[in-house]
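Participant: First to last, the sequence lines map onto chains Y and D.
Under my numbering, the first residue of the first sequence is numbered 1, with each subsequent residue one higher.
Under my numbering, the first residue of the second sequence is numbered 1, with each subsequent residue one higher.
In short, the hints are calculated from the structure, not lab data.
Since the model is a prediction, treat every value here as computed from it, not as a measurement.
The beta-carbon is built from N, C-alpha and C at its ideal position, and this holds for glycine as well.
Check each hint, because a few of them may be wrong.
Claimed, not checked - With a cut-off of at most 30 Å between alpha-carbon atoms, the simulated BS3-like pairs for lysine-lysine come out as follows: (1) D:Lys321 to D:Lys45; (2) D:Lys219 to Y:Lys360; (3) D:Lys219 to D:Lys155; (4) D:Lys102 to D:Lys45; (5) D:Lys219 to Y:Lys392; (6) D:Lys296 to D:Lys45; (7) Y:Lys168 to Y:Lys154; (8) Y:Lys154 to Y:Lys295; (9) Y:Lys119 to Y:Lys154; (10) D:Lys296 to Y:Lys360; (11) Y:Lys168 to Y:Lys360; (12) Y:Lys295 to D:Lys296.
Said to hold, decoys possible - Chain D is faced by these chain Y residues, among others (derived, beta-carbon under 10 Å): (13) Gly143; (14) Ser145; (15) Gly253; (16) Val283.
To be verified - In silico negatives: residues of chain Y with every beta carbon more than 12 Å from chain D: (17) Arg203; (18) Ile216; (19) Leu236; (20) Glu400.
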Amino acid sequence: MSKKTAKDTPSEENPPADAAVAADGTGDSPAGGAAATAPETGATEDATSGNGAASGDAGAPAVESESASESASASASVTETPRAEQPAAPVLDKAENVLEVRDLVKHFPITQGIVLRRKVGAVQAVDGISLDLRRGETLGIVGESGCGKSTLAKLLIGLERPTSGSIKVRGQDLTELRGGDLLAARRNIQMVFQDPYTSLNPRMTVGDLIGEPFEIHTDVVPRQGRRQRVQELLELVGLNPDHINRYPHQFSGGQRQRIGIARALALEPEVLLCDEPVSALDVSIQAQVINLLEKLQDELGLSYLFIAHDLSVVRHIADKLGVMYLGRMVEYGNAEEIYEAPTHPYTQALLSAVPVPDPKLRGMRDEIVLEGDVPSPANPPSGCRFRTRCWKAEDVCAEETPLLQVRENSRHASACHFAQERDVVHGAA
Amino acid sequence: MSIVSRMKKQTAPSTGGRPEADSSAPLLEVENLQVEFRTRDGVAKAVNGVTFTLEAGRTRAILGESGSGKSVTAQAIMGILDSPPGYVTGGSVRHRGVDMLKLNREQRRLMRGSTVAMIFQDALSALNPVFTVGFQLGEMFRIHRGMSRKDARKKAIELLDLVRIPGAAQRVDDYPHQFSGGMRQRVMIAMALALDPEILIADEPTTALDVTVQAQIMKLLAELQAERSMGLLLITHDMGVVADVADDISVMYAGRVVEQAPVSEIYESPAHPYTKSLLESIPRVDLRGQELSVIKGLPPTLTAMPPGCSFAPRCYMAREKCGQEAPPAFDVAADRISRCHYWDEVHPA
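Next up, chain Y with everything else stripped away, as it sits in the complex:
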């Protein structure tokens, strides 16, 4: 990061960013706008400085460089408590924000031709996602298959390089790091995979599996101490430390997921990315793993980014919620608030479609059944991407991309021109 900053606009890099933020915060000149422009400009720095320049004089009066990022998040309409506590927030937040993602974009090129490969288009898998994660907090990301959840996860742990945007873990921008620095920085963000049957190498013992991170990050635990550390990890996740020499096939699904969690915890990360961690497990086992994750969060102060399609599980575990549709965030904010009063039509449809295990509520829910399928991310609709399936869509939806921001009828950020609270999960009667 330092290298990079030094190269381009050494001293000014921070201030413009702040200014941009402030500007966004004050008016409707959009964080979402930043998102929209990002794809065109391509490089992160460009986007940032461009914004900075544009809004420079709009001038946030003396925002410190740190609070800058904070308010940035706010303006990006990403902050969890947009109301009230604005003044107190900056100081606290800065210290606590473990993960900051700004305007993250990932486009996969579509090429044609064998010898002369031409780019004929792009799959816009992730298109301008911003989010914040504080220490000890859980952010749930929900959305249907193809909405970009998993691409987002891959970008965050560095399996894919973003097209533009920034991913800051404890202030370090992963997208600017290379080689050894990147390797070291990745330690702080680890992943628990969906399928415990395919994510554990069947030829390795549990000890080798959980200890493998130490082979790569050799300075974390001295060689002699590794076995003992692995046993501690096994104990931490509720497995018998004596089973260190067993192979994955000797464990059940729930136990394997515990192994996956232990492996993710080996490097003592602050952020754990959980990509559908319980969806492959049986119902009676899911609760065990969910409770384990909650216990570990309390004990170790972990932050979770919890990606799932099961909205009931997410409601149980998440403090904050982000709803994705076709690569964009359509609603973002306090989880409780979104579940009780979703304001984006897509969120409403999504929540209303979840069956509630209570026959008394049958037919009483405000059920919205969406027509059709999700459009292709290679050729998304103009303006609001949900408009093709939305019952509220009007002309403006096709012309103008709705920004993700707090609106008149939405206490949390919502990317809908016609945001309106509607309780869909409880009986309508």
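We have chain Y; now place chain D onto it with these hints.
Facilitator: Leaving out everything else, chain D in the frame of chain Y:
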């Protein structure tokens, strides 16, 4: 197409000499069904004494975790059990009084599709990737009804229309991979409904789908069922879906039905510790939960079942008797059974 022509020939005598059906008898009556798998590790009793009835126009859910025997029950009813290693060793599956297990292969084959049809979980692997959707749908009519290719194709288009696939006339010549997950499941439903079956078995029909698509499919199923007053046997592990669509429910655990009841009663006051724990362990979208209660341990291995009650090792109220004596089916109410020695403690009257 030699298979088709061969089958056509055999289809001619339509009843194939099967016993007369009694239209006053229940649509489907499963009694004391026993299925075992003979494996190298021993004999696994996958289904052990399943008994239930299904009436026309009703929906019965069979709820259970993986390995509880719910899918095997469905396969045994449908007559598509892989044999070996699976064998039906006892009990009866009666359709309008006729025991389907006693029919010969040919008679059974004729019933599949026209009397009992099945929707499978994974539509992509259940459809043949090398034939068009229209061909696969039309095959039903050509084999069972002896229709010409042209007529069968027309029928296929009608069916795609029925399950609300837009542009059915164009899409009939598409291959399965050209459809989205939800559309593929619609094709599966169309195929199951082709011959107007009286009983429809849906084995986890929406498990692989997103919630909004799940809602579409369940709505479609419910409408079609009501229209044709079919009996629907819904195999699932999702207690939410069950609460939404089922009339009656059979909860399976380790090959046995541990509790059977009308749906409204079971959610309100379960009469078996397993059902009760299960209901307490699922997070709900309409409630912000506290810590989820956990069912400790794992389901038993079917080749090494514990003596006595199979749930006893995981049960919060297990006593000495539970480890020794397998609980019979106690009558909780007129249409309710529970296989727990102490059901009256779980279920305060």
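Participant: Taking the numbered hints from earlier one at a time, note which ones the structure violates and give those numbers from smallest to largest.
Facilitator: Hint 11 contradicted; others consistent.
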